[in-house]
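Sequence lines, in order, name chains A and B.
For the first sequence, the tail end lands on 314 under the numbering used here, and the numbers increase by one without skipping.
For the second sequence, the tail end lands on 264 under the numbering used here, and the numbers increase by one without skipping.
If you're looking for bench data, these hints aren't it; they were derived computationally from the structure.
Treat the hints with care, since some could be wrong.
To be verified - Within a straight-line C-alpha distance of at most 20 Å, the following computed SDA-like cross-link-like pairs (lysine to any residue) qualify:
(1) Lys159(A) with Leu118(B)
(2) Lys6(A) with Leu107(B)
(3) Lys6(A) with Met105(B)
(4) Lys131(B) with Arg276(A)
(5) Lys7(A) with Thr230(B)
(6) Lys159(A) with Lys131(B)
(7) Lys6(A) with Arg106(B)
(8) Lys159(A) with Gln229(B)
(9) Lys7(A) with Lys131(B)
(10) Lys159(A) with Leu232(B)
(11) Lys159(A) with Pro236(B)
(12) Lys6(A) with Asp109(B)
(13) Lys131(B) with Lys6(A)
(14) Lys159(A) with Asp109(B)
(15) Lys7(A) with Leu111(B)
(16) Lys7(A) with Met105(B)
(17) Lys6(A) with Glu102(B)
(18) Lys7(A) with Ile103(B)
(19) Lys6(A) with Ile103(B)
(20) Lys93(A) with Leu118(B)
To be verified - Among chain A residues calculated to face chain B with C-beta under 8 Å, some are:
(21) Ala25
(22) Gly83
(23) Ile137
(24) Met139
(25) Ala140
(26) Phe291
(27) Ile292
Glycine is no exception: its CB is placed at the ideal position from the N, C-alpha and C atoms.
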Amino acid sequence: MKAILKKLITMIITLFIVSFLVFLAFSVIPGDPALSKLGTQATPEALEALREEMGLNEPFFTRYFTWIGSFFTGDMGTSYSYGIPVSELIMDKLPITLVLTGIALVIMMVFTVLLGIYAARHEGGIIDRILMVVNQIIMAVPAFFAGIIICFVFGLILKWFTPGAFVSYEKDFGGFVAYLIAPAVAIALPKCAMASKLLRSSLIEQGNMDYIRTAYSRGNTTKGVLYRHALRNAMIPVVTFWAMAYTDMIAGSVVIEQVFGIPGIGRILLTGISNRDYPVVMAIICLLALFIIVANTLVDLIYKWIDPRMRDNG
Amino acid sequence: MKKKNWNLILGTVITSIMLLLIVVGFFFTPYDSQQMNIDLKLASPSLAHPLGCDHFGRDILSRVMEGAGTTFFVAIGTVLLGCVIGIIMGAVTGYFGGILDEILMRLNDALFAFPSILLALVFISLFGSGKYNVILALGIAFVPSFARIVRSEFLRCKSLDYVRAARLAGASHLRIMFVHILPNILPVLLSSLMIGFNNAVLAEASMSYLGIGVQPPDSSLGMMLSEAQTYLFRAPWYVLAPGVAIVLLILGFALLAESINKKK
Chain A
1 MKAILKKLIT MIITLFIVSF LVFLAFSVIP GDPALSKLGT QATPEALEAL REEMGLNEPF
61 FTRYFTWIGS FFTGDMGTSY SYGIPVSELI MDKLPITLVL TGIALVIMMV FTVLLGIYAA
121 RHEGGIIDRI LMVVNQIIMA VPAFFAGIII CFVFGLILKW FTPGAFVSYE KDFGGFVAYL
181 IAPAVAIALP KCAMASKLLR SSLIEQGNMD YIRTAYSRGN TTKGVLYRHA LRNAMIPVVT
241 FWAMAYTDMI AGSVVIEQVF GIPGIGRILL TGISNRDYPV VMAIICLLAL FIIVANTLVD
301 LIYKWIDPRM RDNG
Chain B
1 MKKKNWNLIL GTVITSIMLL LIVVGFFFTP YDSQQMNIDL KLASPSLAHP LGCDHFGRDI
61 LSRVMEGAGT TFFVAIGTVL LGCVIGIIMG AVTGYFGGIL DEILMRLNDA LFAFPSILLA
121 LVFISLFGSG KYNVILALGI AFVPSFARIV RSEFLRCKSL DYVRAARLAG ASHLRIMFVH
181 ILPNILPVLL SSLMIGFNNA VLAEASMSYL GIGVQPPDSS LGMMLSEAQT YLFRAPWYVL
241 APGVAIVLLI LGFALLAESI NKKK
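Chain A on its own, in the form it takes in the complex:
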């Protein structure tokens, strides 16, 4: 319990550091938000009034705490280029990114376990060797190139789905999820290859340990030893990898959304970057950071659940 509390406190501190760095980065850049909003034709009085209104005349730390305070109450500022609240702009896009990375996570986990266990049990066999080569190649394929190939093979040739025909989740949730499967596969593929390779070697390593021999000597079946003894220990590095992979997949979703024409967070982030729409960029970066940090904390907690040795020394 104490360890959990400690983790939560670390998480909150990290969140503050990240948000502070983001705020700092966007404050020190040259350029006056009020000027860019009004244009160079603006009168000095109008500029001054707008600066006062936007709170730009306040000291740095006051501005930071106002910003972070309103961030948590859901007010993320107003977009420079659209003129509407940022929260309105991104809130209905958030589920898209969440569902996309969620599906990718599930695909990755299922295939890691299936392929990893299969390869480890048939170590040195023909399928194991083929899997190794295929894994090595897949690891080198960037997710967006995999996405383009998936578009071509399954979209244009096999016609399993229509690239670009995104279905909004408000209209048809089933169709929405179905459309996201292909992009989710694209982001999950390289991670899947890495994770199943890791699980394979981790399982093989566990297989040579003394406790496995002991387990066999007590009359356990291969299956029993594998699932009740070896797998649990072998999963520890894999779970760490999954957590890192998930954060990568969140970043990867920004790119993959562009490949499949999904109007998610990624697209707003990109237009925000090219339009120098800083409130939007700041809000999205902080939100993604929030996801990532919360996900990492969750993994640390799951860790303790898998591995009792970790429970005492938090």
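Knowing the structure of chain A, use the given hints to seat chain B on it.
Same frame as chain A, but now just chain B:
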């Protein structure tokens, strides 16, 4: 019988082919990569144009050679920048420890939790896009991962006998750090450099694909991919050429990194 190290052999072969392509492309390309020829619009591969032509009738092979060069340049620049700052940070924090170590490592942890591509996107939105800004953005984004590795290696080495002997012999801290310890951690550093290189290739390609990385007239593999995607159905080979070039570039270095790791 000694097992052949296929990783090393294949990695060397693939990397050499890509490097050859890049070096040759720097001095000579079969056609001018900017020359348009509307008659050859989306021409399929032929003897004159082995990889076909793009939507402006430009020779794809020439463009891939040049684009791979840009991607390579950006990746090397990124890794060097990230690595130099990372080594200095990691060496100082790992060797001296103390309050500076605490602060820098807390910062590092916060940044490390962040995918480097997102971090680079933040910097790009601050600096603007373009070849050199991408190097700067990615380079800074890569610092935490290098700093972390170097720091842990320095921590491990600083109490070893050879370091103590050097101290007794009167060597300065600076000399111990960079003349004694640094060469000893090179093998670890080398494989993480290669992995870093691969991540940089990946990140550059993704950013250029999104249109916020390298800008025209510089050509880049990622940018070619995003142009080619529009013509996916009419000219599939157009997508394949830059994509396969990226895959080979990454695969070659990944195999090399793996063979180094195995040797240890």
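Cross-check of the supplied hints:
no.	hint	result
1	Lys159(A) with Leu118(B)	violated (33 Å)
2	Lys6(A) with Leu107(B)	holds (18 Å)
3	Lys6(A) with Met105(B)	holds (18 Å)
4	Lys131(B) with Arg276(A)	holds (19 Å)
5	Lys7(A) with Thr230(B)	violated (47 Å)
6	Lys159(A) with Lys131(B)	violated (38 Å)
7	Lys6(A) with Arg106(B)	holds (15 Å)
8	Lys159(A) with Gln229(B)	holds (17 Å)
9	Lys7(A) with Lys131(B)	violated (40 Å)
10	Lys159(A) with Leu232(B)	holds (14 Å)
11	Lys159(A) with Pro236(B)	holds (16 Å)
12	Lys6(A) with Asp109(B)	holds (16 Å)
13	Lys131(B) with Lys6(A)	violated (43 Å)
14	Lys159(A) with Asp109(B)	violated (45 Å)
15	Lys7(A) with Leu111(B)	holds (17 Å)
16	Lys7(A) with Met105(B)	holds (17 Å)
17	Lys6(A) with Glu102(B)	holds (18 Å)
18	Lys7(A) with Ile103(B)	holds (18 Å)
19	Lys6(A) with Ile103(B)	holds (19 Å)
20	Lys93(A) with Leu118(B)	holds (18 Å)
21	Ala25	holds (6 Å)
22	Gly83	violated (19 Å)
23	Ile137	holds (7 Å)
24	Met139	holds (6 Å)
25	Ala140	holds (4 Å)
26	Phe291	violated (11 Å)
27	Ile292	holds (6 Å)
The structure fails hints 1, 5, 6, 9, 13, 14, 22 and 26 (numbered hints given earlier, in ascending order).
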